[in-house]
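Protein chains in written order, with our numbering: chain A, 1278 to 1665; chain B, 1278 to 1665.
Among the clues, some could well be false.
Which copy is meant is left open, because identical chains are indistinguishable; a pair holds if it fits in one copy or across any two.
[Unchecked claim] The calculated DSSO-like cross-link candidates involving lysine-lysine, where the alpha carbons are at most 27 Å apart (straight line), are:
id, residue 1, residue 2
1, Lys-1580, Lys-1348
2, Lys-1591, Lys-1348
3, Lys-1348, Lys-1538
4, Lys-1358, Lys-1390
5, Lys-1591, Lys-1538
6, Lys-1538, Lys-1358
7, Lys-1650, Lys-1358
Keep in mind that the hints were calculated from the coordinates and are not lab data.
Number of protein chains: 2
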Amino acid sequence: MTEQDIHIEKIRIQMEAAGADACLITSNANLFYAVGQVVMGYLYISRQHEPLLFVRRPVGLSGERVIYVRKPEEIAEILTKRGLPHPATLMLEGDSITHSEWLRYENIFPDSKPINGTTAIRKARSVKTAREIELFRQSGKIHAEVYRHIPQLYRSGMTDVELSIEIERAMRLGGSYGIFRVFGQSMEIFVGSLLAGDNAAAPSPYDFGLGGQGQHPSLPVGANGTLLREGMAVMVDMGGNFTGYMTDMTRTFSIGKLPDKACFAHQTALEIQNEAVRMARPGAVCEDIWQRALDIAAERGLKDCFMGISQQAKFVGHGVGIEINELPVLGARSQMTLETGMMLAVEPKFVIEGVGAVGIENTFVVTEAGSEKITMLDDGIIDLTENR
Amino acid sequence: MTEQDIHIEKIRIQMEAAGADACLITSNANLFYAVGQVVMGYLYISRQHEPLLFVRRPVGLSGERVIYVRKPEEIAEILTKRGLPHPATLMLEGDSITHSEWLRYENIFPDSKPINGTTAIRKARSVKTAREIELFRQSGKIHAEVYRHIPQLYRSGMTDVELSIEIERAMRLGGSYGIFRVFGQSMEIFVGSLLAGDNAAAPSPYDFGLGGQGQHPSLPVGANGTLLREGMAVMVDMGGNFTGYMTDMTRTFSIGKLPDKACFAHQTALEIQNEAVRMARPGAVCEDIWQRALDIAAERGLKDCFMGISQQAKFVGHGVGIEINELPVLGARSQMTLETGMMLAVEPKFVIEGVGAVGIENTFVVTEAGSEKITMLDDGIIDLTENR
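Just chain A, same shape as in the assembly (with noise of 0.2 Å):
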């Protein structure tokens, strides 16, 4: 049984869950899940007989499962030829493809039904199997190694566009391959987010956990020319795009030392942080992390300023994937339990006035015997000063 065919059996048993008899996939990423590459194409898998890869583009391609077709039409009547049923219920990913490509595919099989199979896709590609689990350690290590040399990046007077284009090609240069996967077409970001002083309070319009105002009105998010200046909180926030499975990873960069009050709220974010992983072992309620994550901010007078300002993220964690918000979301209204081998990036941060972003985040993979850190950094603040 090969990898993809692992990834198969896991859609196989949500689309037995959801009584579909077959699904057809056709987005990149749920492409790149179940087939292990990217075409231009239609992944046709039904409960009992084979998966059948219908391709339109790269030529070259070949195997038992791939069929060359010119337009997704064929598929109907290939089927027929080869004396396979058609579907009477066909699973389609109506969360990712346009209302078009959905109207074009239900065409193909006038007699099925089409249901919306998003969420079971999400659902089985949530729990990741030892060799994704691999990738992601792979995965963590580069990253963590490009974060530890940050501080030699650093130039006296810079911008934190400056800043972030020199993390951004040390993350291409220690093999990322720069494009930030994420789920949802209206959630755009160039490789990560670096946001210094108050820019980290500058609301957005994409559900990240923090804005930032961003260079231009076409992609609001992220650094926005702040002057790096003595006392600033610069946090640095990429998606490491290492393997095909992207780990998510945040520190906390000082230009000199911070205030008390910085420190403070950067500890509280670790207390979060470690209370989080105690929580989150096979059974876990999401909401019940977020719930435990805000009451601590509370607790510590911190609430007003936990996941932004004037607008707060209702998330302290997400899962990771191919994509950078997979399943789950520890957040509000989140009743998932969590399973061994979920992936989770869990980011407390507070945005402090007049300083900056403060807080954490580490990927980490979820076992019977608790949640293991896969991004090895040390978590306290780097003051960018003094670490050269």
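Fit chain B to the known structure of chain A by using the hints.
The following block gives chain B in isolation, referenced to the frame of chain A:
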């Protein structure tokens, strides 16, 4: 009348042609076009009344048109309260939004007939305003300036990925926001593509002009780690995202001298470019330009390596704008006619076995007097070992 009012008026003209009473715009690219910034929200454009911007995020926007909502379902009631009619026909972005989003918006107005307005809005966007053309000119200047300095980034012994990383950094330092906005969720790329040697012939699933194997099966396009060697062609095609409007520009570099066949193919590409530009006047039919390009490639005995080898693109140019692949397409079966103010990327390219890709791409604005180049840099092959 603000710039965005002009854009909205252009959409209204298309709504009228399509028989739509209202249009609900929710995708990032169209929101940036019609609002001037990306928001998490919904722009409601009716034919008769003032447009209304229903916003979920970010907090803090103001203006007559801005109405904060927690969910899009509130829109219907707000219109009713204001005495505004519900639309008989509602235009939605069927080729951009997900099927789930379509269902949700459709259900806001259960008595309306929804129609897919993506092509109509893309048509509105295809003809640029004076202000948009000015933003393109600014972008073209920076784009050319970054390319002019590429020889200084080359070091002997580099791989294609390493050179690409230095160019990406130079683009960012020049002011690029980084992300490569593309229409169609199955098209993914990071900043742009650099193709060296035979990697230029590697077919890709994506519908770009040329392919390349890429660094990983999760992103199979562009540079693949090829060591840059004497006699190789190195094609640089990065997206210029400096103003929210994307210029598209390709230059062919070489390591030392290229063989005669490659130089001849490059000259042929320039000949095709010149011919395309001569033809690209208001009223010209897009397909005719493509056909003429094919004919020239065939006349020169280069048809088999035009726009790829094993997999050949069926276009020689395309509109550019907020997204890199706007209307019109200078390709097979494209009956659109050119209009003054359209912005075109013309990109005739050849792949020479054992050498790499040669050819050219520039961005042009269509004017009454003909097409005008806005990415001003010499079109010849630039030897990386000579121009340091």
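task = State whether the alpha carbon distance between Lys-1580 and Lys-1348 is at most 27 Å within one copy, between copies, both, or neither.
result = Answer is between: at 25 Å across copies they meet the 27 Å cutoff, but 54 Å inside does not.
request  = Using 27 Å as the alpha carbon limit, work out where Lys-1348 and Lys-1538 are close: within a copy, between copies, both or neither.
outcome  = For Lys-1348 and Lys-1538, neither the intra-copy (60 Å) nor the inter-copy (36 Å) Cα distance is at most 27 Å.
task = First find the shortest C-alpha distance between Lys-1358 and Lys-1390 inside one copy, then the shortest across copies, and answer within, between, both or neither for a cut-off of 27 Å.
result = within (22 Å within a copy, 38 Å between copies)
inquiry  = When Cα atoms must be at most 27 Å apart, do Lys-1591 and Lys-1538 count as within-copy, between-copy, both, or neither?
reply    = For Lys-1591 and Lys-1538, the Cα distance is within 27 Å only inside one copy (23 Å; across copies 61 Å).
request  = Can you give me the call for Lys-1650 and Lys-1358, within, between, both or neither, at a CA distance of at most 27 Å?
outcome  = Neither: 51 Å inside a copy, 53 Å across copies.
task = At 27 Å max between alpha carbons, let me know whether Lys-1538 reaches Lys-1358 within a copy, between copies, both or neither.
result = neither (71 Å within a copy, 47 Å between copies)
inquiry  = Please sort Lys-1591 with Lys-1348 into within, between, both or neither, judging by C-alpha distance up to 27 Å.
reply    = Result: close only across copies, 16 Å inter versus 42 Å intra.
Figure legend: structure checked against the earlier numbered hints; hints not met, in rising order: 3, 6 and 7.
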